[in-house]
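Put together the whole structure using the sequences plus the hints.
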Amino acid sequence: MSAAGDWRYVYASVPGVAHRASGAECQDACAVQWLAVPDAPPTLVLAAADGAGSAAEARIGAELACQTLLAECATGLAQTPIVAWTRADAETLSARVQAALSQRAAEVGLPAREFACTLLGAVLTDDHALFLQIGDGAIVIGTGDDYRPVFWPQVGEYANETYFITDASAAARLEFATLAEPVAEIALLTDGLQPLALHYQTRQAHAPFFRPLFQHLRAAPEPGCPADLQTALERFLDAPTLNQRTHDDKTLILATRLPLTTAEPAEPAGTAESAPSDAPAGPTPLPSAIPEDCGDAAV
Amino acid sequence: MNELDLSRQTPFGADFSGAEFADNPEPRCPCVLLLDNSWSMNGAPIAELNAGLATFKEELLADSLAAKRVEIAIVSFGPVEVVSEFQTADQFTPPHLSANKDTPMGQAIVRGLELLTQRKALYREHGIPFFRPWVFLITDGSPTDDWQAAALDIRKGEESRAFAFFAVGVEGANLDILQRLSLRQPLRLKGLRFRELFQWLSNSMRSVSRSVPGTEVPLSNPATPDGWASI
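Top to bottom, those sequences are chains R and U.
Okay, so the first sequence: first residue is 1 according to my numbering, each after it adds one.
Okay, so the second sequence: first residue is 300 according to my numbering, each after it adds one.
Hints listed in this document are in silico derivations from the structure and should not be mistaken for laboratory results.
Quick reminder that beta carbons are idealized off the backbone N, C-alpha and C, glycines included.
Just so you know, nobody snuck in bad clues.
Label pairs and their computed distance ranges (CB to CB):
(1) R454(U) to A40(R): 58 to 66 Å
(2) P81(R) to E413(U): 51 to 59 Å
(3) Q390(U) to A84(R): 53 to 61 Å
(4) P111(R) to R454(U): 28 to 36 Å
(5) E384(U) to S22(R): 31 to 39 Å
(6) A71(R) to L360(U): 44 to 52 Å
(7) R454(U) to P81(R): 54 to 62 Å
Quick list of in silico lysine to aspartate or glutamate cross-link-like pairs, EDC-like style, CA-CA up to 20 Å:
(8) K419(U) to E458(U)
(9) K419(U) to E157(R)
(10) K356(U) to E319(U)
(11) K419(U) to E384(U)
(12) K419(U) to E161(R)
(13) K489(U) to D525(U)
(14) K489(U) to E347(U)
(15) K455(U) to E157(R)
(16) K400(U) to E470(U)
See below:
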């Protein structure tokens, strides 16, 4: 087994045009870790966070939240096997992320809300999965053809309102789900991509957004995180077609363990490479716009 | 209510109302304009107001996101008429208002807030996220009808955060009544600076329409020496 089992994955956080125009930094972060815990099945852990626009240290908050989630997952899984996890364990996990943010805030003499961010997390073994979410963004799982969001993004009454891990009510707001079956493909995305990746009317995932991206990823020759596709994902997230639809920071994590062969069933020829008008097929090389380092919390 | 209120039923044509959301699933930023076209607006004021509305559309179109997100509805009063149902800025045609009769401001406010309630229901039905709506009243007079019910609706709406209500008085307006209608400080238009007013409104709606969770929307103060308003 390779360093990542059968998983192929890519992940990137790219600043939105609004932040780039004002010279502000990207306030999203994401992280992926392949865990080899003794006496436990190999596990893939994914985390994404969107720092609140109003929070002074949003970027640091988002990065710290992702890193803490990974570390606490490793600790937690060493104590409790994934199949035995309950909501209480997930609440403990979120409380630890919250504590880490509060502690960092206290160190620099700021209120915890200055580190406010949303949090998405997924823990995957061969035949089991855990998901948790506070705030907006989405975790989307798929079979290779159909994709569905595990939770619907948490929003307040209005489109510019959501919930954060630093909220006093975070534990109560936490969404938690387990799945006692294998997950073949998974995506985590922050709200900057919601208009493209989700269909609001039916509250479903927009499959044409995901299919071409996963098809590219499945084609990577080796499991793990292919550097060329990683760069391509950053370019894709910064493409003008995307930026026309969203001015916000954008984070996307994609992970698949489907082989390329089963990925193209009876699709008409050309589907895999043709670009649906609303979702450019895969990364398009662009002359301009080299994404600046966005603080991916890479492991 | 003891009789069937047909005006609240879904009209037959509304069966197709969802098409615009399928075509454009962007979150919406609704804005209701309540515009005084009573006889006293005759001449330069109404001409400048019309020019301001054209500016409003132009400025919103200059922003590709705002063009698809900001939705405008217009109720004119003098008499009360829904001049423009909710439409995104890219679909909106600025009306040409002419000065007409009296100033039924109370009824116009109630009608505008009704439009807003219906629109929000439609957004929810179609799963369209939306931002906090703005209601913008512009008048040069004093209500010629009962405005107490309207004042109550405004108070309730502001307190429940259902919308934000702004009142602007053109020269001759009864600022005292505007003060009692609006929880926010009414603004007095300097001269006939309608274009500047609508530029400001467009900028504000652009800010709101791209605001992200956890962000306070920064609005520029219109009552600066260079601005279009005074308090």
